[in-house]
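Asks: Each protein sequence line maps, in turn, to chains F and U.
So the first sequence is numbered by the working numbering: it starts at 180 and just counts up by one.
So the second sequence is numbered by the working numbering: it starts at 144 and just counts up by one.
Read the hints as simulated data drawn from the structure, not as lab findings.
There's no promise every hint is true.
Straight line, CA to CA, 30 Å or less: simulated DSSO-like cross-link-like pairs of lysine-lysine [said to hold, decoys possible]:
#	chain 1	residue 1	chain 2	residue 2
1	F	LYS378	F	LYS220
2	F	LYS203	F	LYS191
3	U	LYS291	U	LYS311
4	F	LYS191	F	LYS424
5	U	LYS462	F	LYS424
6	F	LYS203	F	LYS269
7	F	LYS506	F	LYS191
8	F	LYS320	F	LYS378
9	U	LYS451	U	LYS155
10	U	LYS407	F	LYS506
11	U	LYS451	F	LYS506
12	U	LYS462	F	LYS506
13	U	LYS401	U	LYS335
14	U	LYS401	F	LYS424
15	U	LYS335	F	LYS506
16	F	LYS309	F	LYS219
17	F	LYS251	F	LYS203
18	U	LYS335	U	LYS311
19	U	LYS328	F	LYS320
20	F	LYS378	F	LYS219
21	F	LYS220	F	LYS191
22	U	LYS462	F	LYS378
23	U	LYS328	U	LYS291
24	F	LYS354	F	LYS378
Across the chosen pairs, the derived CB separations fall in these ranges [as the list claims (entries may be wrong)]:
#	chain 1	residue 1	chain 2	residue 2	range
25	F	ASP280	U	LEU282	29 to 39 Å
26	U	LEU294	F	LYS479	32 to 42 Å
27	F	LYS479	U	GLU409	42 to 52 Å
These numbers come from a predicted model, not from an experiment.
Idealized CB from N, CA, C, for every residue including glycine.
So you can see what is in the structure, the chains are spelled out below.
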Amino acid sequence: MSETLIRTENLKKHFPLTGGVFRKVIGKVHAVDGVNLEIKKGETLGVVGESGCGKTTLGRTILRLLDPTSGKIFFEDEDITEIKGRALRKVRMNMQIVFQDPMASLDPRVTIKNSVGEPLVVNGVARGRKMRDMVLELLEKVGLTEDHLNRFPHEFSGGQRQRICIARALALNPKFVVMDEPTSSTDVSVQAQTLNLMKDLQDEFDLTYMFISHNLSVVKHMSDRLTVMYLGKIAETTPYDIFRKPLHPYSFALVSAVPIPDPQFAGRAHILSGEVPSPISPPPGCRFYPRCMFAQDVCKVEDPPLRDLGGGHLVACHFAGELDFGKSAQMEYADSVEEAVS
Amino acid sequence: MTTADEIVLHVKDLYVSFYTYEGVVKALDGVIMFLRRGDTMGLVGETGCGKSVTAKAILGLVEAPGRIEGGKVIFFDKDAETQEITELDLAQLTSEEMLEIRGNKISIVFQDPATYPNPVFRIGDQIAEVIELHQDLSLDVLYMKIAKLELALSETNSDVNRAEIESKIAYYRQQMEDPPEPDKKSIKEAAKLKAIEMLRMVRMPAPEQVANQYPHELSGGMRQRALIAMSLACNPSILICDEATTALDVTVQAQVLKLLNQLKTEIGTSIIVITHDMGVVAETCEWVNVMYAGTSVESCATERLFTKPLHPYTAGLLKAVPKLHEDRERLPQIRGSVPNLISPPTGCRFHPRCDYATEICIETKPILEELEPRHWAACHHPLWTSGGKKNE
Ligand SMILES: Nc1ncnc2c1ncn2[C@@H]1O[C@H](COP(=O)(O)OP(=O)(O)O)[C@@H](O)[C@H]1O
Ligand SMILES: Nc1ncnc2c1ncn2[C@@H]1O[C@H](COP(=O)(O)OP(=O)(O)O)[C@@H](O)[C@H]1O
Ligand code: SF4
Ligand SMILES: [Mg+2]
Ligand SMILES: [Mg+2]
Numbered sequence: 180m181s182e183t184l185i186r187t188e189n190l191k192k193h194f195p196l197t198g199g200v201f202r203k204v205i206g207k208v209h210a211v212d213g214v215n216l217e218i219k220k221g222e223t224l225g226v227v228g229e230s231g232c233g234k235t236t237l238g239r240t241i242l243r244l245l246d247p248t249s250g251k252i253f254f255e256d257e258d259i260t261e262i263k264g265r266a267l268r269k270v271r272m273n274m275q276i277v278f279q280d281p282m283a284s285l286d287p288r289v290t291i292k293n294s295v296g297e298p299l300v301v302n303g304v305a306r307g308r309k310m311r312d313m314v315l316e317l318l319e320k321v322g323l324t325e326d327h328l329n330r331f332p333h334e335f336s337g338g339q340r341q342r343i344c345i346a347r348a349l350a351l352n353p354k355f356v357v358m359d360e361p362t363s364s365t366d367v368s369v370q371a372q373t374l375n376l377m378k379d380l381q382d383e384f385d386l387t388y389m390f391i392s393h394n395l396s397v398v399k400h401m402s403d404r405l406t407v408m409y410l411g412k413i414a415e416t417t418p419y420d421i422f423r424k425p426l427h428p429y430s431f432a433l434v435s436a437v438p439i440p441d442p443q444f445a446g447r448a449h450i451l452s453g454e455v456p457s458p459i460s461p462p463p464g465c466r467f468y469p470r471c472m473f474a475q476d477v478c479k480v481e482d483p484p485l486r487d488l489g490g491g492h493l494v495a496c497h498f499a500g501e502l503d504f505g506k507s508a509q510m511e512y513a514d515s516v517e518e519a520v521s
Numbered sequence: 144m145t146t147a148d149e150i151v152l153h154v155k156d157l158y159v160s161f162y163t164y165e166g167v168v169k170a171l172d173g174v175i176m177f178l179r180r181g182d183t184m185g186l187v188g189e190t191g192c193g194k195s196v197t198a199k200a201i202l203g204l205v206e207a208p209g210r211i212e213g214g215k216v217i218f219f220d221k222d223a224e225t226q227e228i229t230e231l232d233l234a235q236l237t238s239e240e241m242l243e244i245r246g247n248k249i250s251i252v253f254q255d256p257a258t259y260p261n262p263v264f265r266i267g268d269q270i271a272e273v274i275e276l277h278q279d280l281s282l283d284v285l286y287m288k289i290a291k292l293e294l295a296l297s298e299t300n301s302d303v304n305r306a307e308i309e310s311k312i313a314y315y316r317q318q319m320e321d322p323p324e325p326d327k328k329s330i331k332e333a334a335k336l337k338a339i340e341m342l343r344m345v346r347m348p349a350p351e352q353v354a355n356q357y358p359h360e361l362s363g364g365m366r367q368r369a370l371i372a373m374s375l376a377c378n379p380s381i382l383i384c385d386e387a388t389t390a391l392d393v394t395v396q397a398q399v400l401k402l403l404n405q406l407k408t409e410i411g412t413s414i415i416v417i418t419h420d421m422g423v424v425a426e427t428c429e430w431v432n433v434m435y436a437g438t439s440v441e442s443c444a445t446e447r448l449f450t451k452p453l454h455p456y457t458a459g460l461l462k463a464v465p466k467l468h469e470d471r472e473r474l475p476q477i478r479g480s481v482p483n484l485i486s487p488p489t490g491c492r493f494h495p496r497c498d499y500a501t502e503i504c505i506e507t508k509p510i511l512e513e514l515e516p517r518h519w520a521a522c523h524h525p526l527w528t529s530g531g532k533k534n535e
């Protein structure tokens, strides 16, 4: 099972930054800035980080919806960085994306049948009666019924619309699906349904997921391995429970920022100061150093490489493994819960 | 919890409807809520359950096609000097009278820092304006004058000047018993200084500098801090934060929540924290009200809610949230989705999604009752009781 499905090599995506009256290029946004990652067949790689850290850009670049600035992308060991035309279309059938806002990704004037069936028709897989039957089967998989076939997006609740988008993403029987904040605009009760559904579908269709969210608890729940991004770079990738064993100071800060559902622990969290700097002129050296409480002189000048600290636990920090974060309030809370149970 | 002297706000059987093309949206269906003086209270529930409409009703901001159909919003207004309490039903006030209350006695911070009141004015000037409008600055002006003179005193080395300055200081000190009406220029100056003080109070880094900046020049977290400073500038009795941290990044949200906690111990303001996030409630609130589809379903101390929720909806909601410290293959889910409020379910609005529902739940709306000491819930079959049995 540990065969690699997706791999990136020093992947970069920069956006030109224009300004002034003549919209001249005055700089660039380092949205994704040298990402090395690997996603194994059948697993879910979670990607977490604060807004603007490059999660969406990374997902879209891997799917070739955006052209990379440099670096390489491999799908099943095939270099897909430069492919075009038919070859690209073929690879794209295997790679789909589900977005945060289902309303924006569904055409309001198109029936659900035609929305979900569109990729089948466009790619010449099925049309007419056969398309309808395939769409119905997909809708049933995501918990919708025959009644829904001829309805329009506005007739559905947010949660149902997200199911429709998931059904459409699965229409071509892809191997890889990027879930980009799929539940970030849904409510808790609907989120639980959607997350459960995505897990069921993954088992049923042997899917590999890249699951993107800014919500650490949600990502952790969904993922086999987790990648933490900060300002266009990977801070940490871990096969372990990030909550019990964060090795990057930023990961520890993310864990600490998760509100604890017990007022007895309120106000005990270690709180990171400052805000994420602009990706236009990221700080030299380690991108986290202006906010890092462990920063030393070397951090200001040298960009720490992503190092394997054992068992595939990759960390980009000069002092990874040597730092003592102490016990997070979240850990103390978890221990108190365990104690109460036993 | 019913003596007027403890309670600052009592929302009583509030009904609000919106008259739309599709039909009448019965947005609030008998909402009940108490806010104790000095408390921070959470108003929690999923999108569309009526949190913002409740806030709007409190502030007299329900506008067409919306209408308050019934109920009271009783505000116990305490005079700062005499400590005398006046009882006002905000639902009965005219829009002019409400203007007096809004941004004076009750103020609100919204979710989106982009909806800044005045994007073209400097932060400091905006806060100073609120201060000028709502605060008596005569004493502050005296303090300011004395401070200036004391500075001059420390800098002078002429004995003549010294005597002169000292006599001026003594003169102003005397006035402090009954400060005179200051001139306009001094008021403006004192308000500016006070604005910087407010920014310092919300832990704004470099407050003097930020006071001279425009809203768009600040990051999201700083803008939210400035908004909180502005909302507190009128010394309100009640501050309502409507999803005030929802748009912020997690690490910045943590900073702002910490600020709210610090502020509530420093100032006497009672706070209503509106959120869909139970974690935010746990971090900031002593008391919590849970809403579902326009109804109040549970009300109790925050600790109680997390350890012993009585309402099946609250219990389901708490279980459905993925938790960082847990390893679960599947999340316990609440089936179905929130109802359409044009034709809401009969009886208990939660009954179509509830595992405990019986005939009575379909027929009769449960009332919010004190089922255990200081713990209210609106359910025919509350959990932890003999009536609370799951239907198979
Ligand atoms: N099309 C674009 N043009 C210019 N800048 C962009 C574009 N898309 C994203 N960015 C910038 O790239 C950075 C990363 O954005 P994004 O990938 O959307 O982050 P995330 O999904 O983690 O919130 C941000 O600073 C964003 O403003
Ligand atoms: N201006 C309006 N017109 C019609 N319906 C409205 C209006 N404002 C609010 N509603 C309805 O009132 C209900 C409660 O909304 P709101 O208080 O905004 O919910 P939330 O709990 O998310 O803040 C929703 O069903 C919403 O559709
Ligand atoms: S048991 Fe009945 S009254 Fe209680 S929540 Fe369920 S449906 Fe409502
Ligand atoms: Mg994104
Ligand atoms: Mg709202």
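Asks: Let me make sure I understand: some of the numbered hints might not hold for this structure. Which ones are they, in numerical order?
Replies: Of the numbered hints, 6, 7, 15, 16, 19, 25 and 27 do not hold.
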